[in-house]
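For this one, chain A is given, so just place chain B on it according to the hints.
Number of protein chains: 2
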Amino acid sequence: MTKLYVAQGACSFGAHVVAREITQASGLPIEIIKVPLRTPDSPIHKVNPLGRVPTVVTDNGNVITENGAILPWLADLNPDAKLFAPVGTAERAQIQEWIGFLNSDIHGAFRPVNRPNLFHPDEEVQKSIREQGITRLRELVRVVQRKLEGKTWAVGERFTAADAYLGVFLRWLPRANIDLAEFPDLAAYLERYNARESVKAAIAFEAA
Amino acid sequence: MTKLYVAQGACSFGAHVVAREITQASGLPIEIIKVPLRTPDSPIHKVNPLGRVPTVVTDNGNVITENGAILPWLADLNPDAKLFAPVGTAERAQIQEWIGFLNSDIHGAFRPVNRPNLFHPDEEVQKSIREQGITRLRELVRVVQRKLEGKTWAVGERFTAADAYLGVFLRWLPRANIDLAEFPDLAAYLERYNARESVKAAIAFEAA
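Chains as they are written, first to last, in our numbering: chain A, 11 to 218; chain B, 11 to 218.
Excised from the complex, chain A in its bound form (with noise of 0.2 Å):
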């Protein structure tokens, strides 16, 4: 059976909804398995050699890692659950688009933000490091924000592989101390991805 390995609020929330909306629509199994994350004993680490999450071990025993991989090869498990769309269209490339630059932009932009000490080793320097993190993170939800103008969902109307990986990010917002309230567009995007039984098994899980 896949398994896929995730840990609580980490950024592999994305492919665990889309585990949870591919076995819901198919009742194809994945085996989720929660580790934790940094602890030299996870077993993570025996599983992946740079110890994160999200990690897929597929049924014949490849094991792929990184969201821009994981996301598609699980949505493409189930193509009839529509969370990516067939090779050579503009769909396809736009949904792959939207994991792209989550991945390297908004992904990237929360690395000053919550783990400043990777960029200089002094703690007076690290809060200004955070604070110019915040400004930059805000200007990229302002983009997110006008990539949604007047969409439900990220890509064709449905919600996609797209959806469940930005959901991850706006719901990490907080630890920024950006306010959604500044942007109801995407708060009122927030609230439809978190009514989704897909996002509320996943987080009851990862909570348990």
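Take the hints with a grain of salt, since some may be wrong.
It does not matter which identical chain is used: a pair holds within one copy or between any two.
[Said to hold, decoys possible] With a cut-off of at most 30 Å between alpha-carbon atoms, the simulated BS3-like pairs for lysine-lysine come out as follows:
hint, residue 1, residue 2
1, Lys13, Lys92
2, Lys13, Lys157
3, Lys137, Lys161
4, Lys44, Lys157
5, Lys157, Lys92
6, Lys210, Lys157
7, Lys56, Lys13
If you're looking for bench data, these hints aren't it; they were derived computationally from the structure.
Chain B alone, transformed into the frame defined by chain A:
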């Protein structure tokens, strides 16, 4: 005709190489357009509101951005060129995984090195941020070296879109004062890369 926008020496180089591999293999024409970056009157702003390369405009006018989407999309234009792999295969996931790792980790690690001003306003602090960034980048280059150990190319013993993109960042390392002589296997890999017709043609076109 499909159009691909690139800028000299930018991260669009990987997509540029894929486009030339595809046209060499199949005669399928892709128009490559060189644009300046970070100048307000660059033609790229009319195509991509974020003013970034690579950007693709498909023959029916769809705009695609983000390397994570453009590299697969170009490679899928001609499956016989084998720059990518069929949907549902482990190889496809591995190629997309490389693209994701390069896009988020490796490209992201160049940001504090090339543009430390994005993180802190003070010039002295920026020097330390750049130094810490170079240390981090060197660690990631070691990860790349381990992933390539014993291999001619990144995935499946043939040149794929993952290699087209990896070469970009190996070519950038001198900008971060990292000498490839420290990494003999990677130096040999880059020699193979630079010897390809597609790479030589892309370098000449961008320099012209």
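Each hint, compared with the structure:
In this homomeric assembly, Lys13 and Lys92 come within 30 Å of each other (Cα to Cα) both inside a single copy, at 21 Å, and across copies, at 28 Å. Taking the shortest alpha-carbon separations for Lys13 and Lys157, only the inter-copy value of 22 Å comes in at or below 30 Å, while the best intra-copy value is 33 Å. For the homomeric pair Lys137 and Lys161, neither the shortest alpha-carbon distance inside one copy (36 Å) nor that between copies (43 Å) is at most 30 Å. When the C-alpha separation of Lys44 and Lys157 is checked against a cutoff of 30 Å, the pair qualifies only between copies, where the shortest distance is 26 Å, while the shortest distance within a copy is 33 Å.
Taking the closest pair of Cα atoms, Lys157 and Lys92 come within 30 Å of each other only inside a single copy of the chain (21 Å); across copies the shortest separation is 33 Å, beyond that limit. In this homomeric assembly, Lys210 and Lys157 come within 30 Å of each other (Cα to Cα) only inside a single copy, at 25 Å, whereas the closest approach across copies is 37 Å. Taking the shortest alpha-carbon separations for Lys56 and Lys13, only the intra-copy value of 14 Å comes in at or below 30 Å, while the best inter-copy value is 44 Å.
Against the hints set out earlier in the document, a violation occurs for number 3 only.
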